[in-house]
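Protein chains: 4
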Amino acid sequence: MRFFDRFKQGELRLTRIEAFSDGVFAIVVTLLVLELKVPVLKDHSSAGELIHQLVELAPKFLSWLISFIIVCKFWLNHHHLLGLARHADYAMVWLNSIFLMGQSFIPFPTALMGEYPTNRLAVCLFGCVFALNTLLFIALNRYIVRNLLKPELLGLQDPHALRKAMVGPLSYLVGAAAAWVSVHAAFVIYLLTPLFYITPPSWHGPAGGAATAGDGIRD
Amino acid sequence: MRFFDRFKQGELRLTRIEAFSDGVFAIVVTLLVLELKVPVLKDHSSAGELIHQLVELAPKFLSWLISFIIVCKFWLNHHHLLGLARHADYAMVWLNSIFLMGQSFIPFPTALMGEYPTNRLAVCLFGCVFALNTLLFIALNRYIVRNLLKPELLGLQDPHALRKAMVGPLSYLVGAAAAWVSVHAAFVIYLLTPLFYITPPSWHGPAGGAATAGDGIRD
Amino acid sequence: MRFFDRFKQGELRLTRIEAFSDGVFAIVVTLLVLELKVPVLKDHSSAGELIHQLVELAPKFLSWLISFIIVCKFWLNHHHLLGLARHADYAMVWLNSIFLMGQSFIPFPTALMGEYPTNRLAVCLFGCVFALNTLLFIALNRYIVRNLLKPELLGLQDPHALRKAMVGPLSYLVGAAAAWVSVHAAFVIYLLTPLFYITPPSWHGPAGGAATAGDGIRD
Amino acid sequence: MRFFDRFKQGELRLTRIEAFSDGVFAIVVTLLVLELKVPVLKDHSSAGELIHQLVELAPKFLSWLISFIIVCKFWLNHHHLLGLARHADYAMVWLNSIFLMGQSFIPFPTALMGEYPTNRLAVCLFGCVFALNTLLFIALNRYIVRNLLKPELLGLQDPHALRKAMVGPLSYLVGAAAAWVSVHAAFVIYLLTPLFYITPPSWHGPAGGAATAGDGIRD
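Chains as they are written, first to last, in our numbering: chain H, 1 to 219; chain D, 1 to 219; chain S, 1 to 219; chain Y, 1 to 219.
Please note: incorrect hints may appear among the correct ones.
When the alpha-carbon atoms are kept at most 20 Å apart in a straight line, the in silico EDC-like pairs for lysine to aspartate or glutamate are as follows [as the list claims (entries may be wrong)]:
1) LYS60(S) to GLU115(S)
2) LYS37(H) to GLU115(D)
3) LYS42(D) to GLU56(D)
4) LYS37(D) to GLU56(D)
5) LYS37(H) to GLU115(H)
6) LYS37(D) to GLU115(S)
7) LYS42(Y) to GLU115(H)
8) LYS37(S) to GLU56(S)
9) LYS37(S) to GLU115(Y)
10) LYS42(Y) to GLU56(Y)
11) LYS60(Y) to GLU49(Y)
12) LYS37(Y) to GLU115(Y)
13) LYS42(D) to GLU115(S)
14) LYS60(Y) to GLU115(Y)
15) LYS37(Y) to GLU115(H)
16) LYS42(S) to GLU115(Y)
17) LYS42(Y) to GLU56(H)
18) LYS42(S) to GLU56(S)
19) LYS42(H) to GLU115(D)
20) LYS42(S) to GLU56(Y)
21) LYS60(D) to GLU115(D)
22) LYS37(H) to GLU49(H)
23) LYS37(H) to GLU56(H)
24) LYS60(D) to ASP43(H)
25) LYS60(D) to GLU49(D)
26) LYS60(S) to ASP43(D)
27) LYS60(S) to GLU49(S)
28) LYS42(D) to GLU56(S)
29) LYS37(Y) to GLU56(Y)
30) LYS42(H) to GLU56(D)
31) LYS60(Y) to ASP43(S)
32) LYS37(S) to GLU115(S)
33) LYS37(S) to GLU49(S)
Which residues of chain S face chain Y? A few of them, derived with a C-beta cut under 7 Å, are [unchecked claim]:
34) GLU18
35) VAL38
36) PHE68
DEER-style ranges, computed between Cβ atoms [what the hints assert, rightly or not]:
37) LYS42(Y) to SER45(H): 28 to 34 Å
38) TRP180(Y) to VAL55(D): 48 to 54 Å
39) PHE61(D) to HIS87(Y): 40 to 46 Å
40) HIS52(S) to LEU192(H): 50 to 56 Å
These are calculated hints, taken from the structure and not from any lab test. Source: prediction; values computed, not measured. Just so it is clear, CB atoms sit at the ideal spot from N, CA and C, and this is done for glycine as well.
Next up, chain H with everything else stripped away, as it sits in the complex (with noise of 0.2 Å):
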């Protein structure tokens, strides 16, 4: 047996997987919030000063609200891949692995840009990470609907899939090219990026007959 086919090997339950998932996920969008720090105040009871520091805090909530967006429609994705497998194998559980190294790797990126939202760099490298992020989902995507897909999805797969998926990642390279000229029009990229893809994913059958109601995602 070749080396690269152990990893397709085994059966491993998928339960425990997305327990381990869904906990990566909800601590990554709960630790975004610790990147917001209280203001310090020379003046504990002014309401001025407050109001003033909370201003400038402004970057900080921004890169945090579409950080949040942006994990919650990972974890969206990955719920809707998931319920497409049969089962995992080795293969599978390391791409996820990756993939979550990437989602956890989020906060830092998002600090960077909230604390240094006139450094072109750092806002830069924010759109890099989430277009790598991407890219390792589509991995992991394209690993599922090759080898772990359920009987009754197979032909069910929408030809453009890995087109439209190409749109986030590129997306993300746009926004993080803008940087260099305007720091201000990736911000807005990066805003709305995650709208272009958060409706959700339709699954046409051979027929062209929409096959979303049934795809087998169901509890």
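Dock chains D, S and Y against chain H, hints included.
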């Protein structure tokens, strides 16, 4: 098919939504304690200096206590609500994600009020955030009751439910307004608000019979 | 219907209560390590300076160890206890929430004792918090055994259970009192207390036969 | 009944043990990123200064990467192992708790090595902690295989399993020793160790036939 109708598609697994939500709730309540920082003592062995410093921390303990109780109440209501749904769709997942975003934000206003309990704006913001969170929950509640209710629960809704639900946000807003007169009054209102709606929700059938015991949220 | 009776209504799903509780337990034990801060070295490459600094951290390691073991013990007892319940009601959920509030507070006294191990008040507070936590668990335990016990377990209760359960809080209070004489004695008592009740609980039937193997907590 | 036999009593639910363990694993891997602190820049907008600071963070990124991969590997092995058990008893729960204590400790040596990558003691301690963690896992593994194995898996054990399992701790100890000669060599060994045993475990029947596909860990 119209754009917004696409969000009503898909049948998502409630178990993973609950797992993700439970993770966020659990992390939020546990992160709250991180704001209770160990005080810096000049004389490490002095019990007197420590007791003095712990008394200084009293507003932080109180903020922690109030937020903990309120988040637990949100968790309980969320638990109850998801027990009413027959399945999930994309619109519900996004309403749930935005609601969880509000929950994950709670450590920030809690820390702010704990750090600056005499700052009217900090105390006011605390109430505003909780009013907003309650509104986000009401939005999720309405969507589920109108679109995803289990068939056996149809017609069992409390006609006064919405009016009752508005007590929460109104009470928090009264607290937020009271902060500009007296921060002590605001603290008292924040502490009392969850007590108003801490009792179990009642579901009455059309004939007025109590239907709580059979409201379908059993495991 | 009287006010307090309303809390005995509702049949809540034990699975979500367990998921929320497990999340809080898992986060508490893992957050404890955050108090073990990397020491500041003048000479970054000096093994000698690092070993000196790590020895200085010994009280923090010890506090971490004690709290970790005790929280695991609470988790185990909680696991056992919820296995006895046939379902949950609102009163149980609130007793559980208050118990979890106590658990989530544990990192604070742990950090305090680790930071100021020679401060009698800090060491005393540690014991008081754990005594209180044990009392909160006993309250939850009593409520479940009296109101929510699975029918097949009725009459199988250990008549000495409460007296045994009081060993924990008493021992912690003895430790808390000992802190005013010798902090070392208090550390020893805190370390030994979980060993007293680390063994599995036994359930004896009315005829005195051991009923542990069939105590209904199987999956 | 002898004292130690009492620990072999009780049939505990594997689902909650898995939920608690998954929570700890998920939090550990996600907390690791908190050590990647946003650098302090003099000129907030300087990309050059930021890139210089990020290069300085390289040892922290590397420590984070190594620990993340290793903890994922532990999670995967733990997942596999608990799939072999027919139920849990108290001894297993305590072995599991001590193993999780080791896991939750990982952020500390990771941060230490990331902060002081030229300090031989810091790099050495990292290897020692992982060697100890692997030994704790082996202890848990042995206990389950000897006492709690599902009946259908009896006799399917790999006779070389223990010898293979010792490769991990030995390799980490070699790395720990190598740190005193060259910290770079130690980093390389730590990075390569998980690759040695990243492939799926094989279970061979007495007749030598591969039994992986039917090793009973399916959901």
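*asked:* Going through the numbered hints above, which ones does this structure break? Give me the numbers in ascending order.
replied: none
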